[in-house]
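Here the protein sequences come in this chain order: A and B.
Going by the numbering used here, the first sequence opens with residue 1, and the numbers climb by one from there.
Going by the numbering used here, the second sequence opens with residue 1, and the numbers climb by one from there.
Please keep in mind that the hints were generated in silico from the structure rather than gathered at the bench.
The C-beta atom is built at its ideal place from N, Cα and C for all residues, glycine as well.
Among the hints, a few may not be true.
As the list claims (entries may be wrong) - Straight line, CA to CA, 25 Å or less: simulated DSS-like cross-link-like pairs of lysine-lysine:
1. B/197 / B/112
2. A/12 / B/112
3. A/112 / B/11
4. B/11 / A/107
5. A/93 / B/184
6. A/11 / B/93
7. A/184 / A/107
8. B/8 / B/93
9. B/11 / A/13
10. B/107 / A/93
11. B/12 / A/93
12. A/12 / A/93
13. B/107 / A/11
14. B/107 / A/13
15. A/93 / B/197
16. A/8 / B/184
17. B/112 / A/11
18. B/107 / B/93
19. A/107 / B/8
20. B/197 / A/13
21. B/107 / A/112
22. A/93 / A/107
23. A/112 / B/12
24. A/107 / B/112
25. B/8 / A/112
26. A/107 / B/13
27. B/93 / A/12
Unchecked claim - Here's a subset of chain B near chain A, in silico, CB distances under 7 Å, partners left out:
28. 14
29. 18
30. 39
31. 44
32. 45
33. 49
34. 53
35. 82
36. 84
37. 99
38. 119
39. 122
40. 124
Protein chains: 2
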Amino acid sequence: MNEFEFIKNIKKKYRLDLIGDDCAILPKDPNSDLLISSDLLVEDIDFRLDWTSPEMLGHKALAVSLSDIAAMGGTPEWALLSIGIPESLWSSKFLDRFYDGWHELAKHHDVKLAGGDISRTPNKLVIDSTVGGSVETGSAIVRSGARVGDSIYVTGPLGGAAAALRLLNQGERIGAGSKDVLLKKQVAPEARVAIGKQLRESGAVTAMIDLSDGVSSDLMHLCRASNVGAVIVANELPFEADVMEVAGSVDAMLDIVLNGGEDFELLFTAPQEKISTLNLTDVFRIGEVTGTVGVIELERDGKRELLPPGGYRHF
Amino acid sequence: MNEFEFIKNIKKKYRLDLIGDDCAILPKDPNSDLLISSDLLVEDIDFRLDWTSPEMLGHKALAVSLSDIAAMGGTPEWALLSIGIPESLWSSKFLDRFYDGWHELAKHHDVKLAGGDISRTPNKLVIDSTVGGSVETGSAIVRSGARVGDSIYVTGPLGGAAAALRLLNQGERIGAGSKDVLLKKQVAPEARVAIGKQLRESGAVTAMIDLSDGVSSDLMHLCRASNVGAVIVANELPFEADVMEVAGSVDAMLDIVLNGGEDFELLFTAPQEKISTLNLTDVFRIGEVTGTVGVIELERDGKRELLPPGGYRHF
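Kindly produce the complete structure, drawing on both the sequences and the hints.
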C-alpha cells in the first residue's frame, strides 16, 4: 500500500471530506474561504543537505506549500514552520540562514510567520511547512471539476526538477556553474501563485492541481477526482533544452517530463476557446480530457498507449 | 542558545508579532479570531515507542495541540497531521492504530482532520500536529495580561507527567498495573479545553498558558510577557500521592512539581475575589503576581528563594 491508498482508506473510514485537494477548504468569513496545506520535508528522503544551501532549503520549504495555495487559485497569507533539528546543526548558523531564505520568499508573497515548533531530533533534519491563505467563498479551484472535452494545460516547461535531481545524484552541485539555472528548479523551485490566481479569476478553469509528484501521477489524481480520463500528446509537452541534454534520448526525456516530480508548475483543465482569449504567455496545451474514466493515454506519433501513474512514491 | 532564545531572536529580527503565545491569533470573521498552533513530536526525543501504544501516541499528538487552544480559552475545530514514518512502521498496522487513537480524541472535541502530509523517514517517527480553532474576536486569553496582585492558579494537580516519565525511564510500562493512572498522564494526557473556555468566558482571567515545559519555565514565559514577577507558595502546590511516592522526598517532589513538564494543566492569573465567586472545583491557587519583573520566587516555610526556570530544554 502506498501513501495515496492509505490516505484514501482513512478518508473513507473516518469520512474526511475535507481531504482530497491540494489544500483543505474551510469556511472563513462571509466573503472568503480559508485554505490550508502542510508539507513534510525529511532529510535524505526529500532533500540532501549537500545538495543545497540553508537559504535555498528555507526557500523550498515555503515554496512547496505556497504551491498548494496556488493550485487552488488562492492568496497565501500566513505560515507555520515546525523544525526538528539535530544538535550538530543547531549549534551552527544553519537555522539563521534557513530562516533568511524562508523569509526572503515570504516577504515576496507577503506571508507572515505565525508560529510553529522547534524540537531536537536524533540525527536528521525534518521540516513541516504549513501555509494558510484565502480565496473568495466557493471559488477555489478543486480537482474534481474537469469535463470531457476540456483541454489540459501546464503553466511552464516540465522535467526541470527531475533532470536536476539526476545531475545532483551524479555529483553536480550548485555554484557558479552553467547548470545552476537547471539545478535551482530542484533545490529552490518557484510557486506559481500569481498565475494560479489569474487562472481562477478568469473563470475559465474547471480543475487544477500542482505538479509535485509528476504529470502522470498528478493528472491521475485530477482524473479520478473528476471521474474522467485524459489523453496527453507527447509532441506538445513543453521542456527546455537542458532537460533533453540530461536525458540523452527522447524516451528518457519523456520519462523525466511525465514521471519526474517537483516541477511545481500548475496543471489545469479548461475549455480551449476560453483559454485562447486570455492571451496567457507560458501556458501550454498538452492534451484533452476524455470519458475513459481513470485512464490516461499518451499519444505519440499518431498512436495511443496507456500511461500508468509513475511519479514518486514514498512507499 | 536554547530554543526559546532562538525564537526570541528571530521574532525580533523579522518583527514576528504573531509569535509569543500558545497559539497565533489571526483575524477570522467579524465575530471571531482564528487560533492556530503546531507541536512537533520526535521519536526518542519527545516519546519512545516502547513507552506507549500507537493509539495513545495518536491521542497525545492531538492533545498537546488542543492544549494550546485551551490555553487561549478557544474552541478547537480542525487539525492537520504530518507524519514522517520509517518503512518498518509503515508496513505494520501502526498508522491505522495511531489514527484510531487520534480520531477517538478528535471526535470527543468535535475536531475534523483537514489535511497534513505523509513522508518516509530514514529511521525515526516524527509527528507534526497542528490544530486550528476559534474564539470570540479579541477575547483570547494571552500571556501578557497578568497584573501585580493577581493570584496565580493551576487547573489540576502537578508533576504527574514527570513522575510517570521517571517510572518509564526505570522500566515501568503501561498495562494492567497499579501505576497505569499515573503513567497515562505522560503517554496520554488530557487537554483542558472545557475549563479553558469556562475561564475565558468568566471574564476573570488576566493571563493564561498551558503547562508543557514545567511550572517554573512556563510561569517565566507568562511573567516576561506581562512584565511582572511571581511568588509561588510551596505548600499550596497541588500534587497527588503517587507523585510523592515516586519522588521519595519533599525536595525531589518539589523539583518534579515545579520543573517537570507535560502536565498540560492550565496556569492562569486572575484577581482572587473574582475566582472565588466562580465555585470552580479543581482549581488551585499557588501564588501571586509581584512587581519584581522577570523574577520568580518560591516561598517555603516562610522564607523566599529564587526559582530559576528549570523545565525541559531541547538545546
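Here is what the structure says about each hint:
As the CA atoms of residue 197 of chain B and residue 112 of chain B are separated by approximately 19 Å, the hinted pair is consistent with the 25 Å bound. Straight-line distance between C-alpha atoms of residue 12 of chain A and residue 112 of chain B comes to about 14 Å, which keeps the hinted pair within the 25 Å bound. Taking the CA atoms of residue 112 of chain A and residue 11 of chain B, the gap is near 11 Å; set against the 25 Å cutoff, the hint holds. Between residue 11 of chain B and residue 107 of chain A the alpha-carbon distance is near 15 Å, which keeps this suggested pair within the 25 Å criterion.
Distance hint between residue 93 of chain A and residue 184 of chain B is unfulfilled; the C-alpha atoms sit about 39 Å from each other, more than 25 Å. A C-alpha spacing of about 17 Å is found between residue 11 of chain A and residue 93 of chain B, which places the hinted pair at or below 25 Å, so the restraint holds. Proximity of residue 184 of chain A to residue 107 of chain A is assessed by CA-CA distance (about 20 Å); at most 25 Å being required, the pair is judged to hold. Between residue 8 of chain B and residue 93 of chain B, the direct Cα distance comes to roughly 41 Å. Violation of the 25 Å bound is thereby established for this hinted pair.
Between the alpha carbons of residue 11 of chain B and residue 13 of chain A the distance comes to roughly 41 Å, so the proposed pair goes past 25 Å and is violated. A hinted pair counts as satisfied when its Cα atoms are at most 25 Å apart, and residue 107 of chain B with residue 93 of chain A does not qualify at roughly 42 Å. Simply put, residue 12 of chain B and residue 93 of chain A have alpha-carbon atoms about 17 Å apart, close enough for the 25 Å limit, and the pair holds. Proximity of residue 12 of chain A to residue 93 of chain A is assessed by CA-CA distance (about 45 Å); at most 25 Å being required, the pair is judged violated.
Pair hint residue 107 of chain B plus residue 11 of chain A holds up; C-alpha atoms about 15 Å apart against a cutoff of 25 Å. Proposed proximity of residue 107 of chain B and residue 13 of chain A is supported: the alpha carbons are some 13 Å apart, at most 25 Å. Taking the CA atoms of residue 93 of chain A and residue 197 of chain B, the gap is about 41 Å. The hint is violated against a cut of 25 Å. Using a Cα cut-off of 25 Å, the hinted pair residue 8 of chain A and residue 184 of chain B is violated, with the two alpha carbons roughly 32 Å apart.
Annotation: proposed proximity of residue 112 of chain B to residue 11 of chain A holds, straight-line Cα distance about 11 Å (limit 25 Å). With a C-alpha separation of about 21 Å, the suggested pairing of residue 107 of chain B with residue 93 of chain B holds against the 25 Å cut-off. The straight-line distance between the Cα atoms of residue 107 of chain A and residue 8 of chain B is roughly 19 Å, inside the 25 Å bound, and the hint therefore holds. At roughly 31 Å between alpha-carbon atoms, residue 197 of chain B and residue 13 of chain A are farther apart than 25 Å, so this suggested pair is violated.
Among the hinted pairs, residue 107 of chain B with residue 112 of chain A is inconsistent with the structure: their alpha-carbon atoms are about 31 Å apart, more than 25 Å. A threshold of 25 Å between alpha carbons decides the hint, and for residue 93 of chain A with residue 107 of chain A the separation of about 21 Å falls inside it, so the pair holds. Between the alpha carbons of residue 112 of chain A and residue 12 of chain B the distance comes to roughly 14 Å, so the proposed pair stays at or under 25 Å and holds. For the proposed pair residue 107 of chain A and residue 112 of chain B, the alpha carbon gap of about 31 Å is over 25 Å, so the pair is violated.
For a cut-off of 25 Å, the pair hint linking residue 8 of chain B to residue 112 of chain A stands: about 16 Å separates their Cα positions. At most 25 Å may separate the alpha-carbon atoms for a hinted pair to count; residue 107 of chain A and residue 13 of chain B meet this at roughly 13 Å. Note on residue 93 of chain B and residue 12 of chain A: the hinted pairing holds, with a Cα-Cα distance of about 17 Å set against a maximum of 25 Å. At about 6 Å, the closest approach between the beta carbon of residue 14 of chain B and any beta carbon in chain A falls short of 7 Å, and the interface hint on this residue holds.
The restraint placing residue 18 of chain B at the interface with chain A holds, with a minimum CB-CB distance near 4 Å, inside the 7 Å limit. With its C-beta approaching chain A no nearer than about 5 Å, residue 39 of chain B sits inside the 7 Å limit, and its interface hint holds. Interface restraint check: residue 44 of chain B against chain A, minimum CB-CB distance 5 Å, threshold 7 Å, status holds. The restraint placing residue 45 of chain B at the interface with chain A holds, with a minimum CB-CB distance near 5 Å, inside the 7 Å limit.
Checking residue 49 of chain B against chain A: minimum C-beta separation of about 13 Å lies over 7 Å; hint violated. For residue 53 of chain B, the suggested interface contact is broken, since its CB lies about 18 Å from the closest CB of chain A, more than 7 Å. Checking residue 82 of chain B against chain A: minimum C-beta separation of about 4 Å stays under 7 Å; hint holds. Here the hint on residue 84 of chain B is kept, as its CB sits about 5 Å from the closest CB of chain A, short of 7 Å.
Taking 7 Å as the C-beta cut-off, the interface hint given for residue 99 of chain B holds, the closest approach to chain A being about 6 Å. Annotation: residue 119 of chain B was flagged as interfacial toward chain A, and the flag holds, the nearest CB pair being 4 Å apart, inside 7 Å. Checking residue 122 of chain B against chain A by beta carbon gives a least distance of about 5 Å; that is within 7 Å, so the hint holds. For the restraint placing residue 124 of chain B at the interface with chain A, the shortest Cβ-Cβ distance is roughly 6 Å, inside the 7 Å limit, so the hint holds.
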